[in-house]
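> Sequences listed follow chains A and B, in order. Read left to right, the first sequence gives residues 0 to 352 (numbering that gives the first Met the number 0). Read left to right, the second sequence gives residues 0 to 476 (numbering that gives the first Met the number 0).
Hints may be right or wrong, so weigh each one.
[Stated by the list, open to error] Listed next, the stretches of chain B that the computed footprint assigns to chain A, with coverage defined by at least 3 CB atoms under 8 angstroms from CB atoms of chain A:
#1 106 to 112
#2 165 to 172
#3 343 to 357
[To be verified] Listing some non-contacts, in silico: residues in chain A with all C-beta distances to chain B over 12 angstroms:
#4 R100
#5 G101
#6 A103
#7 Y109
#8 D110
#9 S111
#10 D162
#11 V253
#12 L285
#13 P299
In short, the hints are calculated from the structure, not lab data. The beta-carbon is built from N, C-alpha and C at its ideal position, and this holds for glycine as well.
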Amino acid sequence: MSLLTLPNVVAALVVLSLNAYAVMGGADYGGGVWDLLASGPRKKAQRALIADAIGPIWEANHVWLILVVVLVFTCFPVAFARLAVVLHVPITLMLIGVVLRGSAFTFRTYDSKRDAVQRRWGTTFAIASVVTPVLLGVCLGALASGGVGEADLARGFRSVLLDSWLTPFALAVGLFTLVLFAFLAATYLTLEAATSARRDEEEALHDDFRRRALWSGVAVFAAALLVLLLAGAAAPRLRAGLTEGGWALALHLVTAAAALTALAALWTRRYAVARIAAIAQVSCILWGWAWAQFPYVVPPSLTIAAGAAPPITLALTLIGVAVGFTVLVPSLWYLFRIFKGRETAFQRVGEHQ
Amino acid sequence: MPDLLAARSQMAMSLAFHIIFAVVGIGMPALMVVAEYRWLKTRDPVYLDLAKRWAKGTAILFAVGAVSGTVLSFELGLLWPRFMQMAGPIIGMPFALEGFAFFTEAIFLGIYLYGWDRIAPRAHLAAGTLVAVSGALSGVFVVIANAWMNAPTGFDIGPDGTPVHVSPLRAMANPAAFSETLHMVLAAYAATGLVVAGIHAFMLLRLRRGAGAASSASTAASRVSASVPLVPDALAFHRRALAVALLVGAPAAIVQPLSGDVSARFVAHWQPTKLAALEGQFRTERGAPLRIGGWPDEAARETPFALEIPYALSLLAFHDPHAVVRGLDDFPRGDWPPVRVVHVAFQAMVALGTTMALVSLWAAAVWWRGGRRRARRDADARSVDSPTPWEAWPWLLRALVVVAPMGFLAIEAGWTVTEVGRQPWVVFGVVRTSDAVTPVPGLIVPFVTFTLLYCGLGVIVVWLLYRQIVKTTGPRP
Ligand code: HDD
Ligand code: HEM
Ligand code: HEM
Chain A
0 MSLLTLPNVV AALVVLSLNA YAVMGGADYG GGVWDLLASG PRKKAQRALI ADAIGPIWEA
60 NHVWLILVVV LVFTCFPVAF ARLAVVLHVP ITLMLIGVVL RGSAFTFRTY DSKRDAVQRR
120 WGTTFAIASV VTPVLLGVCL GALASGGVGE ADLARGFRSV LLDSWLTPFA LAVGLFTLVL
180 FAFLAATYLT LEAATSARRD EEEALHDDFR RRALWSGVAV FAAALLVLLL AGAAAPRLRA
240 GLTEGGWALA LHLVTAAAAL TALAALWTRR YAVARIAAIA QVSCILWGWA WAQFPYVVPP
300 SLTIAAGAAP PITLALTLIG VAVGFTVLVP SLWYLFRIFK GRETAFQRVG EHQ
Chain B
0 MPDLLAARSQ MAMSLAFHII FAVVGIGMPA LMVVAEYRWL KTRDPVYLDL AKRWAKGTAI
60 LFAVGAVSGT VLSFELGLLW PRFMQMAGPI IGMPFALEGF AFFTEAIFLG IYLYGWDRIA
120 PRAHLAAGTL VAVSGALSGV FVVIANAWMN APTGFDIGPD GTPVHVSPLR AMANPAAFSE
180 TLHMVLAAYA ATGLVVAGIH AFMLLRLRRG AGAASSASTA ASRVSASVPL VPDALAFHRR
240 ALAVALLVGA PAAIVQPLSG DVSARFVAHW QPTKLAALEG QFRTERGAPL RIGGWPDEAA
300 RETPFALEIP YALSLLAFHD PHAVVRGLDD FPRGDWPPVR VVHVAFQAMV ALGTTMALVS
360 LWAAAVWWRG GRRRARRDAD ARSVDSPTPW EAWPWLLRAL VVVAPMGFLA IEAGWTVTEV
420 GRQPWVVFGV VRTSDAVTPV PGLIVPFVTF TLLYCGLGVI VVWLLYRQIV KTTGPRP
């Protein structure tokens, strides 16, 4: 059996988009977590740095989620319908989080600069940033554990609508997602140019986030362990996929190497290396989950091949996405060069000297 | 509240909310780009100020558009999983393309909003242009998907009731796609342009009143200028804003009725039940009259209180005064849409659209005459800041103020016509709305939750815009 079938390629595209969402959009949620946890003498400066980092890019990063949804309903319509029915409650709650996060962030930017007003929007933004990724993780956990696939609609809706995702395992995946996003954000923030701060203050800020990145990096290990432990009972197939076979071992080794590199680089203040390693770590985790779940879209029974749309739809979607990427990739590169590039940091230093 | 009704209400409420922000997301970038272009061309700093202020308002509206649009993408599944399971493979393609239009729009809007000092002026203008183009494109793609729901093509129904011979390209090229996308994009420019024109016409009227008071009594003038700044800056600001807004809005509003005629002929050909509901036409008739006003009575099967123009409906819908128009009586009762809602909404849209077109024509005529006169005068002496031709016509300014909200009202009315007129089908003639709804119970809970959430957002957005735009368009510090 060849792995390179049309449905598999499209499924990989879905995971790729989810991966992009995690490393770009995920960090924006993580920024909200650090806004909530801002502390110490530079509390205000920390929040300003986070807002500067997220401002220009969060709406673009957010579109990855929409791309995931669209690809799933176009290419795996049965899976989409199933997810939307069984996970109606957590998805609805997540959407409320999405709405509050995005609008409160924007309102804070454009409302009065008085402290009380700013804190009101800031708190809404920060709490929504914590709740939303947990619910996203819960949905993925419920899917991976087979909770979505096994839910029996005939058994009465109220139990299906809650029981399939209110499990220790799914909640642990939610927590894991949150910690992971916070870790990403803290790592990125060690590189963020503080446009409104002096040079020494910027270094102090970077140090604040270095400490946060190190702590949350350790928390990622703890949360991962918790997920793996709970998987034993809740998602044995997933755990088997994650622990058995040569590929699984290789993936674990790469993930562990990336994680240790990230921590070591943070420790030695090689922030650019830490950023790459953190991205690699998150990506490995996501692809590890995808690999463990393969060949199912909705475990335990709906396979990628069986759930896929007609080949013509898949082929046209692939072509459309390929054309789209030729526009998207240079545009994204341009966006990140303008706002995250090295030269902007240098420009600022020049201005202040 | 039955679950089906709750689901329909939630969908209608979410879309009615989103469309306002989506329309602004299509129209405002065009206004900003024109203003910024004028700034680069003339180096008149007021244009730069204008572009920057408009950009701030757009940023707020865009964010709400983005989050409410995200909710919609999920709601298609949360509320209509059986519809999406059937329609996804057929009509997912334009949604995927729309995704890339969103990417381009969001990326270059980020660059536009935060990049004033970071990139070269021409690159900045180019970024704005890309936002405007991709905004229009995202509207086009999603409306193509909706057009397919009105004119489903690109598949056959197999023996087990599921679609076979799926052809996403033929589905995208459905017969409603052209008329619907054209009408929608024009609607976006007309509505945004005229609402902005109305706001600035209002400010100009206020400034004129202030100026009148100032010349009559100098003590009164100082009091007036405390609340209404009388600086030439403010005057120059609103004059340029009015000109740019009319440039974008008026042409679209003038051609919109023609585009509406194209839409109506699509409906006449493909959705006879919708046409009959639009017109309150119960009996099949040769040489049917056009009804203006009227209050359809489904039980009695007639539309009393209407002004009837003989032969006009046959003429408009089929371009032949003796064409046969099928009435609702020709169709089973179970296939009728709610006639009264559709008819009244259609009347409202046409009345609003006619008013908008007439006022826009008036403004165009004044500009045409004023432009020629100004050219003659400018040959004599170059004035630093000459008044716009429209200011000589206070009644035109007042009319623009009255017309300001009409575009958005017409859009809501038009979508009511399209969507309620498609009932009882979600995919016209293929899938009934009642068969598409989710089996999840208790749908009134999310309906009420999202309604409250959106009401709150609406209030906050209005307040912030007021704060941002209206209160600060005085003199610059
Ligand atoms: C600025 C807004 C605006 C204005 C001034 C008009 N419309 Fe409109 N109309 C819309 C905004 C709109 C809309 C909201 O954008 C709709 C809903 C779906 C669509 O394609 O456009 C629409 C739908 C729509 C439909 C239904 C199409 C369908 O169901 O597929 C018809 C027949 C018309 N319009 C006809 C007209 C006529 C004859 C107008 C003459 C004055 C007019 N519209 C003005
Ligand atoms: C005729 C109806 C619609 C039009 C014209 C329209 C147009 C737009 C536009 C221009 C935007 C850009 C954001 C903004 O400026 O506010 C937008 C945002 C969005 N719309 Fe709509 N839309 C319509 C209906 C829908 C529907 C039915 C869906 C769901 C399937 C949808 C999904 C979205 C999404 C996901 C976004 C967010 C994109 C982002 O993050 O930038 N829209 N829409
Ligand atoms: C943004 C402008 C739009 C508005 C204001 C709007 C309005 C409405 C309304 C009033 C209903 C309820 C009809 C009823 O049940 O009587 C509805 C239903 C629906 N609309 Fe739209 N609509 C818009 C655009 C779209 C687009 C672009 C799509 C899809 C691509 C779409 C898909 C649907 C679906 C799936 C339903 C539910 C099924 C049904 O009631 O037929 N709508 N919409």
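> Could you run down the list of hints and mark each one as holding or not?
Tested hints:
Coverage of the region 106 to 112 of chain B by chain A holds in this model, with 6 residues showing a Cβ closer than 8 angstroms to a Cβ of that chain against a need of three. Coverage of the region 165 to 172 of chain B by chain A holds in this model, with 4 residues showing a Cβ closer than 8 angstroms to a Cβ of that chain against a need of three. Requiring three or more residues with a Cβ within less than 8 angstroms of a Cβ of chain A, the coverage given for the region 343 to 357 of chain B is violated, as only 0 such residues are present. Not every Cβ of chain B is farther than 12 angstroms from the Cβ of A/R100; the closest lies at roughly 8 angstroms, contradicting the non-interface assignment.
Once the 12 angstroms rule is applied to beta carbons, A/G101 is inconsistent with being away from chain B; the minimum gap is 4 angstroms. Residue-level check failed: A/A103 sits 9 angstroms from the nearest beta carbon of chain B, not beyond 12 angstroms. The claim that A/Y109 lies off the interface is violated: its Cβ sits roughly 5 angstroms from the closest Cβ of chain B, which falls inside the 12 angstroms cut-off. Separation of A/D110 from chain B is inadequate, the least Cβ-Cβ distance of about 6 angstroms not exceeding the 12 angstroms criterion.
With a least CB separation of 7 angstroms from chain B, A/S111 falls inside the 12 angstroms interface cut-off, contrary to its annotation. No beta-carbon of chain B comes within 12 angstroms of the beta-carbon of A/D162; the shortest separation is about 14 angstroms. Non-interface call for A/V253 relative to chain B: holds, since the shortest CB-CB distance, roughly 29 angstroms, exceeds 12 angstroms. Residue placement check: A/L285 keeps its beta carbon more than 12 angstroms from all beta carbons of chain B (closest about 20 angstroms).
Once the 12 angstroms rule is applied to beta carbons, A/P299 is consistent with being away from chain B; the minimum gap is 20 angstroms.
Checked against the numbered hints given earlier, this structure breaks hints 3, 4, 5, 6, 7, 8, 9; the rest are met.
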